[in-house]
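Q: Residues per chain, in single letters:
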Amino acid sequence: MKKSKQITYTEHKSLIRRYLQKDFTPYIVFFLPLTFLVIFLFWPMVTTLMRAFMGTGFKFSLETLGLSNFERFVTSSLYRRSLRNSFVIGLATVIFSLLVGVPMGYFVARVKIPFKSLLLSLGILPIIMPSFIGAFSWIILLGRQGVVRHFLNIIFSPLGITIPSIYGLFGIIFTMTLTYYPFVFLLSYGAFTSVNPLLEEAAMIMGSSRKRIIRTVTLPLVIPSMSAAALLVFIRSIGNFGIPAIIGGDQYVLPTLIYFRVTGFWDLNGAAAIATVNVIITGVALVLQKYVVSRREYETISASRSEYKLHDHWLVKLIAILYCLLILIVSLLPQFTIIVMSFFTQWHGLYPTGFTLENYLRIPRVSSSEIRNSLFLATTASLLTAVLGCIIAYITERRKPKGAVILDMAVMAPFILPGTVVSVALLAAFSGGPVIALGGTYTIIIISYMIRRTPYVFRSVVASLSQLSPTLEESSMISGANWIYTFRRVSLPLILPGILAGTILTFATLLQELSTTILLYGVRTRTVPIQIYGAVVDGKLGEASAMSVMLLVTVFIVVYAMNKFLGRSISSSFKLG
Amino acid sequence: MSASLSLTYKKVDKIFNKEGKDPVRALKEVSFTIEPGELFCLLGPSGCGKTTLLRCTAGLESISGGSIFYGEKNVTSIPPFRRNIGMVFQSFALYPHMNVYENVAYGLRVRKTPEAAVRKKVTEIMDLVGLPDVLKRNPSPTALSGGQQQRVAVARALVYDPEILLLDEPLANLDAKLRRHMRAEIRRIQKITKITTIFVTHDQEEAMAIGDRLAVLRDGIVEQIGTSNELYKNPNSAFVANFIGKMNFFYGSITAVQNKQIAVDIDSRVYTFPEETLAQRFTEQLAVGMKVLVGARPEHLYISKEKMENSIQGTVNIIQHLGQVIRYEVQCHMDVADKQMEIDMDDMVEGIGEGDEVYITLDEKSASVFSVEGER
Numbered sequence: 022m023k024k025s026k027q028i029t030y031t032e033h034k035s036l037i038r039r040y041l042q043k044d045f046t047p048y049i050v051f052f053l054p055l056t057f058l059v060i061f062l063f064w065p066m067v068t069t070l071m072r073a074f075m076g077t078g079f080k081f082s083l084e085t086l087g088l089s090n091f092e093r094f095v096t097s098s099l100y101r102r103s104l105r106n107s108f109v110i111g112l113a114t115v116i117f118s119l120l121v122g123v124p125m126g127y128f129v130a131r132v133k134i135p136f137k138s139l140l141l142s143l144g145i146l147p148i149i150m151p152s153f154i155g156a157f158s159w160i161i162l163l164g165r166q167g168v169v170r171h172f173l174n175i176i177f178s179p180l181g182i183t184i185p186s187i188y189g190l191f192g193i194i195f196t197m198t199l200t201y202y203p204f205v206f207l208l209s210y211g212a213f214t215s216v217n218p219l220l221e222e223a224a225m226i227m228g229s230s231r232k233r234i235i236r237t238v239t240l241p242l243v244i245p246s247m248s249a250a251a252l253l254v255f256i257r258s259i260g261n262f263g264i265p266a267i268i269g270g271d272q273y274v275l276p277t278l279i280y281f282r283v284t285g286f287w288d289l290n291g292a293a294a295i296a297t298v299n300v301i302i303t304g305v306a307l308v309l310q311k312y313v314v315s316r317r318e319y320e321t322i323s324a325s326r327s328e329y330k331l332h333d334h335w336l337v338k339l340i341a342i343l344y345c346l347l348i349l350i351v352s353l354l355p356q357f358t359i360i361v362m363s364f365f366t367q368w369h370g371l372y373p374t375g376f377t378l379e380n381y382l383r384i385p386r387v388s389s390s391e392i393r394n395s396l397f398l399a400t401t402a403s404l405l406t407a408v409l410g411c412i413i414a415y416i417t418e419r420r421k422p423k424g425a426v427i428l429d430m431a432v433m434a435p436f437i438l439p440g441t442v443v444s445v446a447l448l449a450a451f452s453g454g455p456v457i458a459l460g461g462t463y464t465i466i467i468i469s470y471m472i473r474r475t476p477y478v479f480r481s482v483v484a485s486l487s488q489l490s491p492t493l494e495e496s497s498m499i500s501g502a503n504w505i506y507t508f509r510r511v512s513l514p515l516i517l518p519g520i521l522a523g524t525i526l527t528f529a530t531l532l533q534e535l536s537t538t539i540l541l542y543g544v545r546t547r548t549v550p551i552q553i554y555g556a557v558v559d560g561k562l563g564e565a566s567a568m569s570v571m572l573l574v575t576v577f578i579v580v581y582a583m584n585k586f587l588g589r590s591i592s593s594s595f596k597l598g
Numbered sequence: 035m036s037a038s039l040s041l042t043y044k045k046v047d048k049i050f051n052k053e054g055k056d057p058v059r060a061l062k063e064v065s066f067t068i069e070p071g072e073l074f075c076l077l078g079p080s081g082c083g084k085t086t087l088l089r090c091t092a093g094l095e096s097i098s099g100g101s102i103f104y105g106e107k108n109v110t111s112i113p114p115f116r117r118n119i120g121m122v123f124q125s126f127a128l129y130p131h132m133n134v135y136e137n138v139a140y141g142l143r144v145r146k147t148p149e150a151a152v153r154k155k156v157t158e159i160m161d162l163v164g165l166p167d168v169l170k171r172n173p174s175p176t177a178l179s180g181g182q183q184q185r186v187a188v189a190r191a192l193v194y195d196p197e198i199l200l201l202d203e204p205l206a207n208l209d210a211k212l213r214r215h216m217r218a219e220i221r222r223i224q225k226i227t228k229i230t231t232i233f234v235t236h237d238q239e240e241a242m243a244i245g246d247r248l249a250v251l252r253d254g255i256v257e258q259i260g261t262s263n264e265l266y267k268n269p270n271s272a273f274v275a276n277f278i279g280k281m282n283f284f285y286g287s288i289t290a291v292q293n294k295q296i297a298v299d300i301d302s303r304v305y306t307f308p309e310e311t312l313a314q315r316f317t318e319q320l321a322v323g324m325k326v327l328v329g330a331r332p333e334h335l336y337i338s339k340e341k342m343e344n345s346i347q348g349t350v351n352i353i354q355h356l357g358q359v360i361r362y363e364v365q366c367h368m369d370v371a372d373k374q375m376e377i378d379m380d381d382m383v384e385g386i387g388e389g390d391e392v393y394i395t396l397d398e399k400s401a402s403v404f405s406v407e408g409e410r
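As they're listed, the protein sequences go chains A and B. Basically the numbering used here = 1-based index in the first sequence + 21. Basically the numbering used here = 1-based index in the second sequence + 34.
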């Protein structure tokens with residue numbers, strides 16, 4: 022009796038000892054990002070969902086539960102129109118982006134044309150440039166007094182045709198297409214170059230015509246990439262705030278409606294309801310796309326591949342070059358326009374008037390705190406995002422603890438959340454709420470940036486990690502290094518390019534962030550994009566242009582330096598979207 | 035060099051995807067001991083669990099049941115970096131961002147060895163693996179040839195005097211000639227260091243050539259452990275027999291058991307096998323009427339032009355010169371045997387060409403008799 026007790030005791034002790042021998046560091050590190058996501062993502066999302074069902078206003082009270090906020094989608098014509106606009110704009114932008122981007126991707130991938138890498142680099146510019154800058158420069162070109170519109174109207178007036186002004190749905194779809202077509206262009210370029218030419222050659226040998234090959238072999242193989250691009254464009258366009266805010270006129274979309282609800286009425290609960298609808302739409306789009314793609318994903322069967330035979334006919338080449346040039350010129354026109362505009366006071370009609378350097382000279386005077394804020398916020402948030410994204414990527418890709426899937430999904434969730442939705446969620450949880458009041462602080466902006474941009478770093482690091490054979494890390498562990506040492510000496514040096522790319526990209530996009538900041542900034546925390554937006558709204562286009570040029574140049578230098586330094590092309594850093 | 039350790043597995047279980055829909059039992063109660071200083075081969079077809087067992091030994095995979103001992107020490111729950119082991123991976127896993135010296139020195143630096151001692155040990159180990167000159171140029175490992183990379187990987191695994199050395203198909207990435215050379219090299223180095231070593235491979239020729247003893251794994255179960263000679267001469271099961279070399283099979287049933295002899299009826303021909311030919315795995319009580327599987331190595335079958343007593347008729351499909359022997363592939367005209375027989379003769383048989391009818395006889399003393407249970 023006594024003896025058996027003794028045995029269980031020593032057994033117990035050895036069990037404890039063995040337990041303590043285990044390596045717990047991964048679990049501790051696993052906890053940090055999880056806590057961050059729970060507090061600043063799950064909790065705000067839950068609060069938003071709860072607030073959506075509460076009465077109008079900003080009070081968080083469970084007594085007013087009901088559907089009143091959603092009823093407005095039926096009763097209010099403004100709501101109905103906004104919802105319809107969002108759908109129309111999202112779908113139209115997808116269709117036009119495909120129409121513009123797919124041929125361009127095909128031409129660059131399969132036609133023998135010069136300056137391909139330049140085309141790819143320039144083609145990407147519209148998505149690294151702030152979209153609201155594109156929007157207001159189109160006002161200069163195609164607005165009521167727009168120079169191009171003026172010009173075209175003179176040409177077409179004998180025919181009795183007048184070009185519509187940029188304001189309204191047409192303008193939004195036009196500007197968004199030019200902003201987002203690069204996603205389609207890049208992804209279809211990638212798809213057309215990665216289809217194994219042997220498959221097409223096999224079809225040719227079996228007697229298939231060129232047209233038939235495209236229809237029966239090439240297209241089915243690139244459809245997954247196309248639909249991914251379409252989803253990306255849809256999510257981006259339906260969540261875009263800047264473009265409809267600047268050229269929407271009286272046409273509202275869901276993000277601007279949210280802004281209107283918050284700033285006009287301080288109706289956080291109403292905004293939460295709109296945000297919920299917005300998220301549901303993107304969610305449904307995501308699920309639909311996954312469904313379409315899941316039935317069409319193909320494994321690559323053959324191991325060998327041959328080189329592409331590029332189209333070499335002079336007519337095909339001419340068409341391809343002209344087409345690409347036309348698209349590039351039109352999509353880069355806004356950038357040229359604001360550079361010109363920044364040196365003038367006005368641009369009504371054909372020529373800008375009132376040459377001046379005042380737009381630039383006044384920047385240090387009126388924007389110094391905004392510049393400081395932008396740099397501080399973007400830098401801090403990028404560094405924190407890098408750490409967070411890196412840890413989560415490493416854990417989900419390598420340690421694969423139970424629940425890694427949840428972490429993975431949580432990180433990618435903000436990818437489909439429009440900026441205004443993220444800020445509404447943070448406001449819902451931390452401003453006027455009972456727990457922590459963060460409204461109007463740097464902290465809340467930094468957190469919103471981290472939440473929104475972690476996917477960039479995460480994706481980038483996961484991509485480099487998956488290139489890295491796990492045996493390198495295993496062999497380090499075998500050599501006696503614990504996993505922190507292994508990470509520091511083996512994994513980190515090898516994935517550093519991925520981390521840097523993700524972080525710099527994050528920095529570049531955060532410098533121009535508008536849609537989240539617009540709801541979260543306070544008097545002390547105004548940023549450069551906020552100031553540009555304010556100047557545009559006030560009609561001070563010259564001032565706005567000068568600041569935009571400054572922003573464009575900074576962003577361009579940052580991204581260009583990254584590509585030079587890391588030796589990858591701009592296009593590849595944006596494939597993740 | 036530290037004293038060699040034994041390595042013991044006690045009822046080691048490994049279940050992948052344990053809580054998922056379809057769990058995979060990769061190792062089933064594996065129990066055996068590897069002697070101190072032994073070069074031990076784990077052999078088996080792909081998916082048999084040999085790499086899993088090696089990764090469990092290293093601690094790279096946790097085990098679902100049982101325990102693993104290094105010497106007397108239970109290491110089951112100790113993470114790999116506290117086990118003091120060395121491992122060479124199939125892909126070599128050399129760090130591309132470090133030069134050769136840094137690669138080899140890695141394990142020593144992890145152990146905070148003084149830099150002077152690091153230099154001394156790295157130089158010594160590079161001498162041992164036969165690459166003393168590489169350190170002078172000290173290039174990136176990516177600039178080395180496959181064989182050199184292999185030696186660097188071995189040096190890196192051995193430099194800090196690990197207690198156990200694990201080799202995961204280390205020769206699979208080399209070409210055939212280099213492979214034969216390197217396996218001799220590995221055996222030479224192992225015999226000098228006397229470190230207990232496990233060598234995983236799917237190549238039976240390699241395993242038989244290099245291992246002091248080998249274990250044949252199949253579906254997570256150890257089928258048989260023994261020296262190359264034991265496995266070849268006395269296979270436990272038809273699976274082992276056919277995996278270690280080639281064996282031709284016939285189905286039959288026992289007609290009599292007496293005088294330490296077993297009479298087996300194969301398609302109305304009665305053969306008499308001595309008791310020693312019974313496989314060790316044969317645990318059932320022998321009885322008249324019991325179904326058995328009779329196996330014969332290619333060198334224990336003979337062909338002739340004339341009909342002999344108890345011979346089996348067949349057609350020669352292909353004749354191959356393999357240097358020492360001539361291999362006849364014969365299509366057997368019998369339902370209860372392999373359709374394709376491989377028969378090795380010391381010399382060309384006069385007057386037999388491809389397409390000819392021949393008669394097969396079998397050497398009863400050298401055959402093996404297996405239980406039908408558990409075989410395909």
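Hints listed in this document are in silico derivations from the structure and should not be mistaken for laboratory results. Source: prediction; values computed, not measured. Idealized CB from N, CA, C, for every residue including glycine. Take these hints with a grain of salt, some might be off.
Quick list of in silico lysine-lysine cross-link-like pairs, DSBU-like style, CA-CA up to 30 Å [what the hints assert, rightly or not]:
no., chain 1, residue 1, chain 2, residue 2
1, B, K44, B, K55
2, A, K561, A, K133
3, B, K225, B, K294
4, A, K311, B, K280
5, B, K280, B, K294
6, A, K311, B, K325
So the derived list for chain B, only partly shown, Cβ under 8 Å to chain A, looks like this [what the hints assert, rightly or not]:
no., residue
7, G100
8, F103
9, A127
10, Y129
11, H131
12, Y135
Q: With reference to the structure, classify each hint as holding or not holding.
A: Quick rundown of the hints versus the structure:
1. B:K44 / B:K55: holds (27 Å)
2. A:K561 / A:K133: violated (45 Å)
3. B:K225 / B:K294: violated (42 Å)
4. A:K311 / B:K280: Violated: A:K311 and B:K280 sit about 50 Å apart, past 30 Å.
5. B:K280 / B:K294: holds (27 Å)
6. A:K311 / B:K325: Since the Cα atoms of A:K311 and B:K325 sit roughly 55 Å apart, the hinted pair is violated (cutoff 30 Å).
7. G100: violated (14 Å)
8. F103: violated (13 Å)
9. A127: holds (4 Å)
10. Y129: holds (6 Å)
11. H131: Hint on B:H131: holds, closest Cβ of chain A at ~5 Å, below 8 Å.
12. Y135: Not OK, violated: B:Y135 not within 8 Å of chain A, min 15 Å.
Checked against the numbered hints above, the structure violates hints 2, 3, 4, 6, 7, 8 and 12; every other hint is satisfied.
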